[in-house]
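Protein chains in written order, with the numbering used here: chain C, 419 to 1426; chain H, 203 to 438.
Take these hints with a grain of salt, some might be off.
Capping the alpha-carbon separation at 20 angstroms, the derived lysine to any residue pairs in SDA-like fashion look like this [as the list claims (entries may be wrong)]:
| no. | chain 1 | residue 1 | chain 2 | residue 2 |
| --- | --- | --- | --- | --- |
| 1 | C | K1424 | H | S245 |
| 2 | C | K662 | C | S720 |
| 3 | C | K1424 | H | N376 |
| 4 | C | K1262 | C | G1157 |
| 5 | C | K1424 | H | A412 |
Hints in this document: simulated from the structure, not taken from any laboratory.
Note that this is a predicted model, so its numbers are computed, not measured.
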Amino acid sequence: MKLREKLARAPSRMQAAAQEFPDRTRLALLSAWRGRSRGLAVFAGVFLASLVITTVLVYGSGLMQIFFLNYLDDEYYDFRMDFHTDIGGKGRTVDVALLESYCAEYEALPEITDCAVAAGRQGGHGAGWFTEAYLKPQPLELQAWEGRDSDWSNVSVFLFEGNEEGPPTRGYRPLRLLGPSAYDGELAERHASRLLRGEWPDGGAAAVEQRSVSLPSQVASMADATVGDQLASLTFTYDTDASKGCQGEEVFWQQFSYCRVSVTLENLTISSIFDDTIVTSPITSQQPVFIPWELVPVENRSAIIAGDHAYLALTIDRTALPTESTDSAEKELDRIQRSLDSVALEGETNLDGTHVIKDLLSWLRIQNYFIQIFNYIVMIPIIVLSVSVLLYGLLLSLEQRRREIAIHRVIGGGPDALLRMVLGELGIVAFCAWLAGYLLALLAVPLILNAVGFMQFRPGEYNVSPSLGLLATLATLVVTVGLALLFGRSRTRDFLEQEISEGVQRVVVKPQPRYWLHWLLFGVGLIALSDSYIESLVNDGRLADDWEKGIISNPVLNGIFAVLGPFLLWIGGALVLARLGAMAPGMMQRLLGRTAALRDIGRGLRGSGSAEGVGKLALIMLLTLSIVTMAAVQGYTGMAVDERTASLAAGGDLKVEFQQPLDHATVLATVSVALEGTDIAADDIQLVSVPLIAMHPAGDEYSVYQTWVLLDGSREVVRWDRQAFGGDPGKTLDRLAVGGFSYGEQLEFSLGKQPQLMLNLTGGTPGQVTLSNVGEHTWHPGLDADITTGGIFIGETSFRTLVGDGAVDAWRETTWFVELGPQGDAEAQSAVARALAFDSSVSKVTSWHEEHREVERNGGLVFGTLGLLTLQFAVATIAAVASSFVFLSLVLTQRKRELAILQAIGASEWQVGRLVLFEIMSITVVSMLLGTLLGVGISYAFNGMFSLFGLIFQSFGGASTTVDRTLIWPWGELLVIGLAVLAVVMLALVWTTARATRSDLARILKGE
Amino acid sequence: METLLSVKDLHHGFGAGGTRLEVLTGVDFEVAPGELVALMGPSGCGKSTLLNIIGGLLAADSGTIDANGCAYGQPPPHALVELRRATIGWIFQDFHLLPHLSALDNVTLALELAGAAPPDAEQHAAAALERVGLADRAQHRPDELSGGQAQRVAIARAIAGDRKLLLADEPTGNLDVATSREILELFHELCAGDSELSILMVTHDAALAARADRMLLLRDGRVAASDVESAWGEAV
Ligand SMILES: Nc1ncnc2c1ncn2[C@@H]1O[C@H](COP(=O)(O)OP(=O)(O)O)[C@@H](O)[C@H]1O
Ligand SMILES: [Mg+2]
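Please work from the sequences and hints to get the whole structure.
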């Protein structure tokens, strides 16, 4: 009944509302404009929230595009056409020529630029991720190979990583057969661009004639093979149609059965070696060996087609793909796929198109999902900050409207009308703030994506122009403006109620803050902090390994603490410490009360901390300054981690791997030649290798230790860092040089407790040394950490004692580290690296700078982290400044009367000014110091969380060694920021105080 | 007659142009030492304005004031710090105590602002509280005091610096009848004491005004009468 009445009235009410709407909006606009100074704080709060939320969203889409483009570059083809049915089904063919002829049909489509027959992994037939059927398709598997020019017996065909990452396979190195047109046109270009050495055959005929094989660089280096070398034989297997009886071997794997046939090809020539280090998603991480399709006997080719291994590989013009978002790119690919599917083929054959990045996209989405979670977590403090600025801004704006509200009430405006008036104005201000934040975010995101360090920017390789869809845009609007209105509503209600009751009874009982809750939050946060801090001490080698897990050993609990702890610490710490900050004026009075500065006004500072605005000023200073500190610390730490990651890969300026072990003189000659065209003189450079010898304890020939010799030159050439030995590397190197040894983690059990070790050289001359234990090593920059953790490091003196000076000076090694001297900047490094790569004796060159380029945007975590931290830093700094303005106005508005009273009872302007100055400055300075202290705390606490995410991201990237986040403390920068904020507060203070003291005393005292 | 305060031809108006309102249009009167004077008049006639000018919180448009040898009138409030420190004490309807300070601190602060050394100031403040009968409430904060007690603290604050003239703008406006009487008693005691304190008090309460030594009626921007009988005769 009631509902019906309401419904019946609704149309007329809506009509009335609609009629009033323009009028109301006009009024609200007018009042918003008139009250623009009081609306500023509300504006600031909504603006910050909108900026941050939009930025993270847009950043996510930008990141997705960059990853997309990056991964796209790593794919050779864009579409593959598979038979619609599985093995033995309808609409298939086994006719090799017929299948090849289909290419012409597809190439007739305007979008398709190239098409070739290829054979490799079996068709997926639409099986999605996480389904069992997804595991069924298998690649062509390499079973054996035999070299002619070099020894291949040790070159495994088994990919150990195969079972660890990505979709499970049987773990053999895959093979891909390429039809003739993969050797010309677009496909040939794409292959050629990935080659490190050799040439991509010029056309299908040439490929067959050369009996060309293209090897992943990993295989080539394992076999020590180079272009032109021959393979005597290569055997691979395929699975085929067994419906008419299996001619081969029946194999069972998982719950599937396969009929497997093997083929052996003979006399193949290595025509090229390609770069297989490009880390893509696990889907593409297993790099195949490429062989021409036509080298396989035609009957096998038919069987391979029947076994569902063969498909058509198609390319499109990638530059024509839309770049504004991954979704639009995907839509375009879907459209092309539909037109491919609609091509009618001769012989009723039914082929399905899939774009190869379909899997990639779902993979990217999962990864991006984690990244987004991480980003939002990182940005939570800023959201909290902007909400608190918003809240206090609201309070200020209401406080300033007290009189206006009173007048409205007197002339008969009920609470509802007043509420509507306030919310109308708020809505307008919030909307403008949202728009400003939104637009700025769109501008800021490219900058964030371009961040190559904390507060450092350089345009990236991919030019993306991320934007936000309509729905997401509306979402940011609803969240920010909605939040403002929601808070505004409740705050205004409270305020109006209070105003009314104050009129009646004057004394309003304010609810006591829940201090126990503040302490609880702070306490839990402190536990998380100590856990994280202890772990960092262990990592830095300053605490025994027994403490490795910190004080919370349960991994789940540890994770929860790692993620929640920093926030609890931050908020709880700010709440607890804010009370200390608010007490600062009282402490000042106690300290300086008797001095000339405070003798006359000191008493006025007593108990001032209890004033509401003062406590809030302290709180907001703590919240902002701690985030400023944390962002700066984590930003600089991230940069250090990136540098360390580069050092870990490159070792020195350059890491040069030769085809054969070479001695110092030869390497020097080779590198000197490569210096041509740069400013580097041959005298400037230094070289060092890390000789590898085998040693065993005296009297125990069976436990052999791999021993790496850290030559004296390594101190200069190798980029050492604290994580290598856990602590100062210089000291450890000193001790190694005078007859020490360090051991890898795997030897901790056998060597960890031995103070001395007597070692004999295994094989060769019978040398013996006694070494003292200098502790554990984590890695040697530039060497594979997985291997060095199983061996020991010794110094040059011990080495010379063992093998003699002559042997040392003539020592040959394949891997050499190069220090290019003062002229060895980024450009020179790249030039020398390029020149060296052309040298036939060199198999691989890694330059520190290029390694750094790969990771410099990560901050040790994930692409763009440094940009986000920069944003956080900037926003928190702005928030600190903006909120200090807001609070000074708030404090002074609330205390205008008090200042007028002081003047009425005889205080001079100077005294009032001094009083305010001492009060606010003591709060500000103390809160800033406490805020920085809290920032130090949350930097440690956040480090636990960052390490956790770092682990996730690094495992996404397939890294085996995780780099520690040892914190870097940018005190200088923090001091500058602190002084800047202080200066701004000072200015604002002088300005607002001058206004307060010059205002109409009589009017204020009348008690408006 | 010896005078403590003399006001001559005081003019003051608010606003400009068409909305200008002339509130005081030539006020003349004098107050003798030790005198308790009640200032009455219809609401909005300019009593507070007059008091504000005398108390140095507002600058007059023209006219002169002489309080205990200190001449002023037009100078702005921030130039009259010395006047408020040494000569004139204020008592407000809303008491205007500093909420976070104790009664003693409220009084002491006023003395310290005027330059007294802290130990001296505290002694004098305690004595002033004693005079207003609040020695036992010295450590209480304003929200722990009754209205009458709070007003006594405000009075203690005003008299603590040996000031000669107290200005009280509706000092009993927020108090009940009995308390108002007590405050007036206190005023009488203060005026009668050997310090020769004078009080100029605005009030709407005819009964209270009747107990003052003299009454001034402010009407049409001028002081219309200066004794009880004639004032009542014209006003009623
Ligand atoms: N700051 C001001 N601006 C404009 N008009 C004022 C101001 N202060 C007082 N007035 C006006 O001056 C007149 C006298 O005010 P006031 O001295 O407060 O009166 P009273 O105290 O006698 O009630 C009133 O009409 C009032 O509206
Ligand atoms: Mg008045």
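Here is what the structure says about each hint:
As the CA atoms of K1424 (chain C) and S245 (chain H) are separated by approximately 14 angstroms, the hinted pair is consistent with the 20 angstroms bound. Pair hint K662 (chain C) plus S720 (chain C) holds up; C-alpha atoms about 15 angstroms apart against a cutoff of 20 angstroms. Between K1424 (chain C) and N376 (chain H), the direct Cα distance comes to roughly 13 angstroms. Compliance with the 20 angstroms bound is thereby established for this hinted pair. At roughly 33 angstroms between alpha-carbon atoms, K1262 (chain C) and G1157 (chain C) are farther apart than 20 angstroms, so this suggested pair is violated.
Between K1424 (chain C) and A412 (chain H), the direct Cα distance comes to roughly 26 angstroms. Violation of the 20 angstroms bound is thereby established for this hinted pair.
Consistency note: the structure conflicts with the earlier hints numbered 4, 5.
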